[in-house]
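Engineer: Sequence:
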Amino acid sequence: MELVAIDLQDKPAWYKDKVYAQGTVPSLEHDSEVRGESLDLIRYIDSNFDGPALLPEDAAKRQFADELFASANAFTKALYSPLLSHAAVSDEVVAALDKLEADLSKFDDGPFFLGQFSLADVAYVTILERVQIYYSHLRNYDIAQGRSNLQEFIDEMNKIEAYAQTKNDPLFLLDLAKNHLKIA
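Numbering of the sequence shown is given in numbering that gives the first Met the number 0, commencing with residue 0 and proceeding in unit increments.
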(Lines of atoms letter the chains of each structure in order from A; the text may use other names.)
(Lines give C-alpha, C1' and ligand atoms only; values in the text may rest on other atoms or scores of the structure.)
Protein backbone atom coordinates (compact mmCIF):
# COMPACT_ATOMS: atom_id res chain seq x y z
CA MET A 0 0.00 0.00 0.00
CA GLU A 1 1.27 3.45 -0.83
CA LEU A 2 0.07 6.56 0.99
CA VAL A 3 0.44 9.80 -0.97
CA ALA A 4 -0.26 13.18 0.64
CA ILE A 5 -2.24 15.54 -1.57
CA ASP A 6 -2.45 19.31 -1.01
CA LEU A 7 -6.19 19.88 -1.10
CA GLN A 8 -5.77 23.46 -2.27
CA ASP A 9 -3.26 22.66 -5.00
CA LYS A 10 -3.91 19.14 -6.23
CA PRO A 11 -1.40 17.97 -8.81
CA ALA A 12 -2.81 17.51 -12.32
CA TRP A 13 -1.83 13.83 -12.32
CA TYR A 14 -4.21 13.14 -9.44
CA LYS A 15 -7.35 13.88 -11.43
CA ASP A 16 -5.92 12.54 -14.68
CA LYS A 17 -4.46 9.29 -13.38
CA VAL A 18 -5.99 8.52 -10.01
CA TYR A 19 -9.52 9.79 -9.43
CA ALA A 20 -11.33 11.79 -12.09
CA GLN A 21 -13.71 13.39 -9.57
CA GLY A 22 -10.66 14.93 -7.92
CA THR A 23 -11.81 14.39 -4.35
CA VAL A 24 -9.65 12.91 -1.61
CA PRO A 25 -9.23 10.44 -0.19
CA SER A 26 -9.30 7.82 -2.87
CA LEU A 27 -8.34 4.17 -2.91
CA GLU A 28 -7.25 1.95 -5.75
CA HIS A 29 -8.06 -1.71 -5.14
CA ASP A 30 -8.52 -4.53 -7.63
CA SER A 31 -7.85 -2.08 -10.49
CA GLU A 32 -10.76 0.16 -9.47
CA VAL A 33 -10.46 3.60 -7.94
CA ARG A 34 -13.00 4.65 -5.35
CA GLY A 35 -13.52 7.88 -3.47
CA GLU A 36 -15.70 9.62 -0.90
CA SER A 37 -14.67 9.06 2.69
CA LEU A 38 -17.84 7.40 3.96
CA ASP A 39 -17.97 5.04 0.99
CA LEU A 40 -14.30 4.17 1.43
CA ILE A 41 -14.53 3.22 5.08
CA ARG A 42 -17.47 0.93 4.32
CA TYR A 43 -15.61 -0.58 1.37
CA ILE A 44 -12.49 -1.20 3.44
CA ASP A 45 -14.53 -2.81 6.22
CA SER A 46 -16.23 -5.12 3.71
CA ASN A 47 -13.21 -6.04 1.58
CA PHE A 48 -10.22 -6.36 3.87
CA ASP A 49 -9.35 -8.74 6.69
CA GLY A 50 -9.74 -7.69 10.27
CA PRO A 51 -12.48 -7.32 12.80
CA ALA A 52 -15.80 -6.07 11.44
CA LEU A 53 -16.37 -2.42 12.24
CA LEU A 54 -20.14 -2.59 12.09
CA PRO A 55 -21.95 -4.72 14.66
CA GLU A 56 -24.48 -7.39 13.76
CA ASP A 57 -27.08 -5.79 16.04
CA ALA A 58 -29.83 -4.35 13.81
CA ALA A 59 -30.53 -1.32 16.02
CA LYS A 60 -26.85 -0.39 16.05
CA ARG A 61 -26.52 -0.84 12.27
CA GLN A 62 -29.57 1.36 11.73
CA PHE A 63 -28.15 4.03 14.02
CA ALA A 64 -24.83 3.83 12.16
CA ASP A 65 -26.70 4.45 8.89
CA GLU A 66 -28.39 7.48 10.48
CA LEU A 67 -25.01 8.80 11.61
CA PHE A 68 -23.54 8.32 8.13
CA ALA A 69 -26.54 10.09 6.59
CA SER A 70 -26.12 13.10 8.88
CA ALA A 71 -22.30 13.37 8.71
CA ASN A 72 -22.24 15.92 5.88
CA ALA A 73 -24.85 18.12 7.58
CA PHE A 74 -22.86 17.92 10.82
CA THR A 75 -19.68 18.92 9.02
CA LYS A 76 -21.42 21.83 7.31
CA ALA A 77 -22.93 23.03 10.59
CA LEU A 78 -19.52 23.16 12.23
CA TYR A 79 -17.54 24.55 9.30
CA SER A 80 -19.99 27.21 8.07
CA PRO A 81 -19.33 29.70 10.89
CA LEU A 82 -15.59 29.16 10.55
CA LEU A 83 -15.59 29.74 6.80
CA SER A 84 -17.80 32.82 7.10
CA HIS A 85 -15.66 34.19 9.96
CA ALA A 86 -18.68 34.16 12.28
CA ALA A 87 -18.82 33.51 15.99
CA VAL A 88 -19.96 30.21 17.44
CA SER A 89 -23.55 29.91 16.23
CA ASP A 90 -26.64 28.33 17.72
CA GLU A 91 -26.37 25.78 14.89
CA VAL A 92 -22.89 24.75 16.08
CA VAL A 93 -24.09 24.37 19.66
CA ALA A 94 -27.14 22.36 18.53
CA ALA A 95 -25.01 20.07 16.34
CA LEU A 96 -22.59 19.41 19.19
CA ASP A 97 -25.43 18.88 21.67
CA LYS A 98 -27.01 16.35 19.29
CA LEU A 99 -23.66 14.59 19.00
CA GLU A 100 -23.44 14.49 22.79
CA ALA A 101 -26.86 12.81 22.91
CA ASP A 102 -25.91 10.44 20.07
CA LEU A 103 -22.90 9.29 22.07
CA SER A 104 -25.18 8.22 24.93
CA LYS A 105 -27.56 6.09 22.85
CA PHE A 106 -25.77 2.84 23.73
CA ASP A 107 -24.27 2.25 27.16
CA ASP A 108 -21.80 -0.55 26.41
CA GLY A 109 -18.87 1.76 25.67
CA PRO A 110 -17.81 5.35 24.97
CA PHE A 111 -18.34 5.22 21.22
CA PHE A 112 -21.36 5.92 19.01
CA LEU A 113 -22.40 2.26 18.89
CA GLY A 114 -20.94 1.46 22.29
CA GLN A 115 -17.86 -0.29 20.92
CA PHE A 116 -15.51 1.21 18.32
CA SER A 117 -17.07 1.20 14.85
CA LEU A 118 -17.15 2.82 11.43
CA ALA A 119 -19.37 5.54 12.88
CA ASP A 120 -16.45 6.66 15.04
CA VAL A 121 -14.11 6.61 12.05
CA ALA A 122 -16.58 8.77 10.13
CA TYR A 123 -16.71 11.50 12.78
CA VAL A 124 -13.33 11.53 14.48
CA THR A 125 -11.35 13.49 11.88
CA ILE A 126 -14.09 16.12 11.67
CA LEU A 127 -14.03 16.43 15.44
CA GLU A 128 -10.23 16.48 15.60
CA ARG A 129 -10.11 19.45 13.28
CA VAL A 130 -13.00 21.48 14.62
CA GLN A 131 -11.81 20.96 18.18
CA ILE A 132 -8.52 22.60 17.23
CA TYR A 133 -10.12 25.30 15.07
CA TYR A 134 -12.74 26.35 17.61
CA SER A 135 -10.30 26.20 20.51
CA HIS A 136 -7.63 28.33 18.86
CA LEU A 137 -9.66 30.54 16.56
CA ARG A 138 -12.89 31.06 18.54
CA ASN A 139 -11.74 30.34 22.11
CA TYR A 140 -14.48 27.71 22.33
CA ASP A 141 -14.03 24.22 23.75
CA ILE A 142 -16.38 21.92 21.83
CA ALA A 143 -16.26 19.30 24.61
CA GLN A 144 -16.88 21.61 27.57
CA GLY A 145 -20.08 20.54 29.29
CA ARG A 146 -20.29 17.52 27.00
CA SER A 147 -18.87 14.63 29.01
CA ASN A 148 -19.75 11.99 26.39
CA LEU A 149 -17.91 13.92 23.70
CA GLN A 150 -14.89 14.42 25.96
CA GLU A 151 -14.81 10.71 26.80
CA PHE A 152 -15.13 9.84 23.09
CA ILE A 153 -12.17 12.10 22.23
CA ASP A 154 -10.10 10.71 25.12
CA GLU A 155 -10.83 7.10 24.15
CA MET A 156 -10.12 7.72 20.46
CA ASN A 157 -6.76 9.23 21.39
CA LYS A 158 -5.88 5.96 23.17
CA ILE A 159 -6.27 3.97 19.95
CA GLU A 160 -2.75 3.65 18.55
CA ALA A 161 -3.88 3.23 14.93
CA TYR A 162 -5.82 6.50 15.16
CA ALA A 163 -3.09 8.34 17.08
CA GLN A 164 -0.66 7.54 14.26
CA THR A 165 -2.92 9.29 11.73
CA LYS A 166 -3.50 12.49 13.69
CA ASN A 167 -2.17 15.71 12.24
CA ASP A 168 0.00 18.17 14.09
CA PRO A 169 -2.36 20.84 15.48
CA LEU A 170 -0.08 23.60 14.18
CA PHE A 171 -0.30 22.10 10.69
CA LEU A 172 -4.09 22.08 10.94
CA LEU A 173 -4.14 25.69 12.14
CA ASP A 174 -1.90 26.70 9.25
CA LEU A 175 -4.22 24.86 6.89
CA ALA A 176 -7.22 26.65 8.38
CA LYS A 177 -5.67 30.10 8.20
CA ASN A 178 -3.81 29.94 4.90
CA HIS A 179 -5.74 27.52 2.74
CA LEU A 180 -9.29 27.55 4.07
CA LYS A 181 -9.01 31.25 4.98
CA ILE A 182 -10.45 30.58 8.41
CA ALA A 183 -9.36 33.12 10.97
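Don't take every hint at face value.
[Unchecked claim] With a straight-line cut-off of 27 Å between C-alpha atoms, the simulated BS3-like cross-links for lysine-lysine are:
hint, residue 1, residue 2
1, K166, K98
2, K76, K177
3, K105, K15
4, K60, K15
5, K158, K10
6, K181, K76
7, K105, K158
8, K98, K158
9, K10, K181
10, K166, K76
11, K158, K60
12, K105, K10
13, K15, K177
14, K105, K76
15, K10, K166
16, K181, K166
17, K177, K166
18, K10, K98
19, K10, K60
20, K158, K15
21, K181, K158
22, K60, K76
[To be verified] Cβ pair distances, simulated, as ranges:
hint, residue 1, residue 2, range
23, H179, A12, 28 to 38 Å
24, D49, N139, 41 to 51 Å
25, A87, E28, 36 to 46 Å
26, D141, K177, 36 to 46 Å
Think of the hints as simulated: they come from the structure by calculation, not from any bench. All residues carry an ideal CB built from backbone N, CA and C; glycine is no exception.
Engineer: Taking the numbered hints from earlier one at a time, note which ones the structure violates and give those numbers from smallest to largest.
Structural biologist: 3, 4, 5, 12, 18, 19, 20, 21, 23, 26
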